[in-house]
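Novice: Given the coordinates of chain A, assemble chains B and C onto it according to the supplied hints.
So the chains spell out like this:
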Amino acid sequence: MTLGKVLVVDDNHDICDLLALKLTNAGFDVTQANDGITGLELGLNGSFDLVVLDVMMPGMSGIDVLRRLRDAEQTATTPVLLLTAKTQERDVESGFGAGAGEYMTKPFSPRELLVRVKAMLARSQS
Amino acid sequence: MSRRCSHAVSPDVLTLSWSVLIGTLVVLAVCCTALLVATVAVRLSRARRARRHDERTAQVKPLVLEVLTAEDEEVAPACEAVAALPDALWPAAETFVLAAFDSVRGEVRDALVQVLIARGTLDRALAATQSRSAVRRARAAEVIGIVGHVSGRRALVRLLSDPNIEVRTVAARALGQIGDPHLTSILLDSLRPGSDVPPSVVGTALLGSGETDTAALEAGLAADDEVVRLTAIAVSAELLVLATARAVADRGLTDPSVTVRVQAARALARLGGAWAVPALAAATVPTEASVVRVAATRTLGEMPFPPARAHLALLRDDDDPDVRRLATAATPSRETAGGDR
Amino acid sequence: MTLDPVRDALLTFFDVSGPWLLLYFFLINTSYLVLIILASVNFGRHLRRTQFSGTTSAARSPLTPGVSVLLPAYNEANVILDSVRSVLDLRYPDHEVVVINDGSTDATLERLVETFGLVRSGRDVAGRIEVRGAVRDVWVPADESIPLVVVDKENSGRSDSLNMGINVASRDLVVMVDADSVLDPDALLVVSKPFADDPQNVVATGGVIRAANGCRVVGGRVVDVRMPRSVVARIQVVEYLRSFLLGRAGWSQADALILISGAFGMFRRDILLEAGGLDADSIGEDFELVMRIHKMMKDSKRDYRVVFVAEPVSWTEVPDTLAVLGRQRRRWHRGLWEVLWGYRRMTFNPRYGRIGMVALPYYWFFELFAPLLEVVGVIVVPLGLLLGVVNVPFAVAFLLVAYVYAFFVTCAALLVEEISFHRYARWRDLGAIVLASVAENIGYRQLTALWRLQGWWASLRKKKAVWGTMTRAGFGSS
Numbered sequence: 001m002t003l004g005k006v007l008v009v010d011d012n013h014d015i016c017d018l019l020a021l022k023l024t025n026a027g028f029d030v031t032q033a034n035d036g037i038t039g040l041e042l043g044l045n046g047s048f049d050l051v052v053l054d055v056m057m058p059g060m061s062g063i064d065v066l067r068r069l070r071d072a073e074q075t076a077t078t079p080v081l082l083l084t085a086k087t088q089e090r091d092v093e094s095g096f097g098a099g100a101g102e103y104m105t106k107p108f109s110p111r112e113l114l115v116r117v118k119a120m121l122a123r124s125q126s
Numbered sequence: 001m002s003r004r005c006s007h008a009v010s011p012d013v014l015t016l017s018w019s020v021l022i023g024t025l026v027v028l029a030v031c032c033t034a035l036l037v038a039t040v041a042v043r044l045s046r047a048r049r050a051r052r053h054d055e056r057t058a059q060v061k062p063l064v065l066e067v068l069t070a071e072d073e074e075v076a077p078a079c080e081a082v083a084a085l086p087d088a089l090w091p092a093a094e095t096f097v098l099a100a101f102d103s104v105r106g107e108v109r110d111a112l113v114q115v116l117i118a119r120g121t122l123d124r125a126l127a128a129t130q131s132r133s134a135v136r137r138a139r140a141a142e143v144i145g146i147v148g149h150v151s152g153r154r155a156l157v158r159l160l161s162d163p164n165i166e167v168r169t170v171a172a173r174a175l176g177q178i179g180d181p182h183l184t185s186i187l188l189d190s191l192r193p194g195s196d197v198p199p200s201v202v203g204t205a206l207l208g209s210g211e212t213d214t215a216a217l218e219a220g221l222a223a224d225d226e227v228v229r230l231t232a233i234a235v236s237a238e239l240l241v242l243a244t245a246r247a248v249a250d251r252g253l254t255d256p257s258v259t260v261r262v263q264a265a266r267a268l269a270r271l272g273g274a275w276a277v278p279a280l281a282a283a284t285v286p287t288e289a290s291v292v293r294v295a296a297t298r299t300l301g302e303m304p305f306p307p308a309r310a311h312l313a314l315l316r317d318d319d320d321p322d323v324r325r326l327a328t329a330a331t332p333s334r335e336t337a338g339g340d341r
Numbered sequence: 001m002t003l004d005p006v007r008d009a010l011l012t013f014f015d016v017s018g019p020w021l022l023l024y025f026f027l028i029n030t031s032y033l034v035l036i037i038l039a040s041v042n043f044g045r046h047l048r049r050t051q052f053s054g055t056t057s058a059a060r061s062p063l064t065p066g067v068s069v070l071l072p073a074y075n076e077a078n079v080i081l082d083s084v085r086s087v088l089d090l091r092y093p094d095h096e097v098v099v100i101n102d103g104s105t106d107a108t109l110e111r112l113v114e115t116f117g118l119v120r121s122g123r124d125v126a127g128r129i130e131v132r133g134a135v136r137d138v139w140v141p142a143d144e145s146i147p148l149v150v151v152d153k154e155n156s157g158r159s160d161s162l163n164m165g166i167n168v169a170s171r172d173l174v175v176m177v178d179a180d181s182v183l184d185p186d187a188l189l190v191v192s193k194p195f196a197d198d199p200q201n202v203v204a205t206g207g208v209i210r211a212a213n214g215c216r217v218v219g220g221r222v223v224d225v226r227m228p229r230s231v232v233a234r235i236q237v238v239e240y241l242r243s244f245l246l247g248r249a250g251w252s253q254a255d256a257l258i259l260i261s262g263a264f265g266m267f268r269r270d271i272l273l274e275a276g277g278l279d280a281d282s283i284g285e286d287f288e289l290v291m292r293i294h295k296m297m298k299d300s301k302r303d304y305r306v307v308f309v310a311e312p313v314s315w316t317e318v319p320d321t322l323a324v325l326g327r328q329r330r331r332w333h334r335g336l337w338e339v340l341w342g343y344r345r346m347t348f349n350p351r352y353g354r355i356g357m358v359a360l361p362y363y364w365f366f367e368l369f370a371p372l373l374e375v376v377g378v379i380v381v382p383l384g385l386l387l388g389v390v391n392v393p394f395a396v397a398f399l400l401v402a403y404v405y406a407f408f409v410t411c412a413a414l415l416v417e418e419i420s421f422h423r424y425a426r427w428r429d430l431g432a433i434v435l436a437s438v439a440e441n442i443g444y445r446q447l448t449a450l451w452r453l454q455g456w457w458a459s460l461r462k463k464k465a466v467w468g469t470m471t472r473a474g475f476g477s478s
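Residue numbers (the numbering used here), protein chains in the order written: chain A, 1 to 126; chain B, 1 to 341; chain C, 1 to 478.
Source of the hints: derived by calculation from the structure; they are not laboratory data. None of these values were measured; they are calculated from a predicted model. Just so you know, not all the hints are guaranteed correct.
Said to hold, decoys possible - To list a few chain C residues with every Cβ distance to chain A over 10 Å, as calculated: (1) L21; (2) H46; (3) N75; (4) D180; (5) G219; (6) R226; (7) K301; (8) Q446.
What the hints assert, rightly or not - Pairs of lysine to aspartate or glutamate, DMTMM-like flavour, derived with a Cα cap of 20 Å: (9) C/K301 x C/D198; (10) A/K118 x B/D72; (11) B/K61 x A/D11; (12) C/K295 x C/D279; (13) B/K61 x A/E41.
Ideal Cβ positions, reconstructed from N, Cα and C, are used throughout, including at glycine.
Here chain A stands alone, though its shape is the one from the complex (with noise of 0.2 Å):
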């Protein structure tokens, strides 16, 4: 009996392992995606309860696929964490004007991510 269905989308394939891992660990059912382009087809046909998105990433940028996540109505309101290296105020303005919701800057907390995550879900779920 899985938490949920999440997807990480992240380009560097260590975080990438290690984010689906703490996940899997903590109940999740977790699909993985080390590029903006993969990520967003698995994300459009997946029905996923939640994304983790890594901002910067070659190819099709996170912010990028959060937009384009926004625009389908499958994904209109899916809950999205967001993944950013900056720590400047206008990056994370911009993925909320995109309909973030939340985001972590790295470095994260393994542990602090896992929190925030079950904690969306449950907000999205009530």
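Specialist: Chains B and C in isolation, oriented as in the chain A frame:
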């Protein structure tokens, strides 16, 4: 035909030129082959190194990820598994863990730092700061910074005076990661003439501590060296060290160097209050350098105080288009008919 | 028998010019060698440095200088959105994008307005640099957090549009890109580093440009580097490798860098304003700008540096047909001539240091005149062979040396590339590069020499026409 060789080119010269040509051709051909072979060799060697690195990392990665994803009770046993890795795999493990610190923080990171220290990473790095190779010293400084343990401080401070510029720069950056406000004057001092440490690196390092040594910053504002004054102002602004605000306005805006004046004008956007308006207004006089006037105008534009507004209204007619534009954008409530240029 | 005078003329020609030609040939190839050595030093240093370049730290630091990216666009409706988005998404803590719509007749502006939710800002656009094209409007996003400005103006050309962009730019550093250039995510970090390292002296920097043909580009980023399909494009990859890696790095090491390719040059905005922006009438716009900056700084006796950053940061589509390539090369050489002639007073002038005493003379002798000698050689030598004037083995040996030397220089560039960036990962691509460097000597370089000569000739003829008109006007008006 007989005419061919009838011009006065002696046979010796001809033979010489011919030998030179052939000789050059042979040498070139050999060199080209050597270069191509070298290219292939470099590629093969890199591929082999990468393969070996990947194999080792594949063995190490699961154990490190165990630590990074561990919850409370699981941390200690997971750390032990990493600490128990055989010597052959340790370098790969160390590299992987250090790289992971770029993206991960928190208790799991601290736990891994302990593992690294226990396995001698910090000791080896400290020893390497005495290495004859500048690259090794720089790498050692980097590692000390990443590990972030306070016992590396002294070594890093020493490396700030290293003969090699890269080492000095990496040491400054690493000190920023250790983040001790008491390092402020030492870091500012590393900007002395001839050291060439980039001021942005020192500035960023000073920001790393969050808080700062106000006295050291004030001393920096009055330093002989332009670069130190510049950095001190930038850092004061970022960290909102209001104690230095007056000095920034009084000395900064009248500094002999244009770059410092610009920095001061920008800094006052964060540090200044209504009291700063006269000084900023003085910085917009037509005799002042254009970059400074623009910076001062922009700062005034961000201030809601009536004296600032009044001065901006005067600047709407200025000769400098950048100043005009900023002044006009900041005071839109005035009549717009004919006011746009 | 009627060929005898021709034969005599040729013999005299070879007699007189032979030694000089040999000397020229020797000098130009030795200069390449010197540049290679200088470039290797520059490279070695750069490679050691990049390990510790602290890009991550700079990417997060509030002290990193701001950059305005200028993007002139004329009828780029197909690529403009990808282009703007990919520039906005570059990894940098503080940058803005200034798009200058150069009177596009297609949907360029409309697409921008719609996608980014742009509104008219009624902003005053007068600037220190005079521009010719009249501005219609300035658009900004309703969402103020998006750092984008779109200037809509009448068509007046790329240089004029860029000058408009410089006027409007609000950050300290300015970089000019084209709508079809593809940038690496860290491009701004890489090219702005010299400014951050030495804020008082560095006035301009340039990065390495690569050929995008054949590469897989997604969303404005190169995700897979491959050699192009067409032979013409392949040879240009080789050319770019050689000229950028060796030419620019070598000159930069010698502190005599005069050419920053316009497709990726970063400048300090205040210096650009002081210099007066790009010269909209000049064909060699970017070259001309850098020369003007050199002159301005040297004339005012200020310390300054123009730095080449030996890292690939930008990719551009190179011509893949001979027709388009021909036009490009003619234009380049025309630009080269006009700038060299325009700044002739700096040549051999000690006041201008290494630029005047080394770099400019080099460009005169070895870049400007080289195609002339090459074309003459291509005509005269076969003619001589035909008429039995030239010693066949000699001629063959000579030609071989010339071309093998060129191949040698390319091999050196390949090795440097392999040690440093090794972007062409496939063995097949390495093989393609080697083959292309051989093919370059069989027809390609002769063709480019011809085109360059044509460009030069066209420029000389145009000059006479201009003078002619002026003279007539002078007499007519008196």
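Novice: Are the hints correct? Go through all of them and say.
Specialist: Hint by hint, here is what the structure shows:
The Cβ of C/L21 lies farther than 10 Å from every Cβ of chain A, with a closest approach of about 50 Å, so its non-interface assignment holds. For C/H46, the condition that its CB be more than 10 Å from all CB atoms of chain A holds, with the nearest at approximately 22 Å. The beta carbon of C/N75 sits about 24 Å from the closest Cβ of chain A, which is more than 10 Å, so the claim that it is off the interface holds. In this structure C/D180 is separated from chain A by more than 10 Å, as the shortest Cβ-Cβ distance comes to about 17 Å.
Listed as a non-interface residue, C/G219 fails to keep its Cβ farther than 10 Å from every Cβ of chain A; the least gap is roughly 5 Å. No Cβ of chain A comes within 10 Å of the Cβ of C/R226; the nearest lies about 15 Å off, and the non-interface call holds. At roughly 39 Å from the closest C-beta of chain A, the C-beta of C/K301 stays outside 10 Å, upholding its exclusion from the interface. In this structure C/Q446 is separated from chain A by more than 10 Å, as the shortest Cβ-Cβ distance comes to about 40 Å.
A C-alpha spacing of about 18 Å is found between C/K301 and C/D198, which places the hinted pair at or below 20 Å, so the restraint holds. Our distance criterion of 20 Å between C-alpha atoms is met by A/K118 and B/D72, whose separation comes to about 18 Å. Among the hinted pairs, B/K61 with A/D11 is consistent with the structure: their alpha-carbon atoms are about 17 Å apart, no more than 20 Å. A distance of roughly 15 Å separates the Cα atoms of C/K295 and C/D279; the hinted pair therefore holds under the 20 Å criterion.
The suggested pairing of B/K61 with A/E41 is violated, with an alpha-carbon distance near 28 Å, which exceeds 20 Å.
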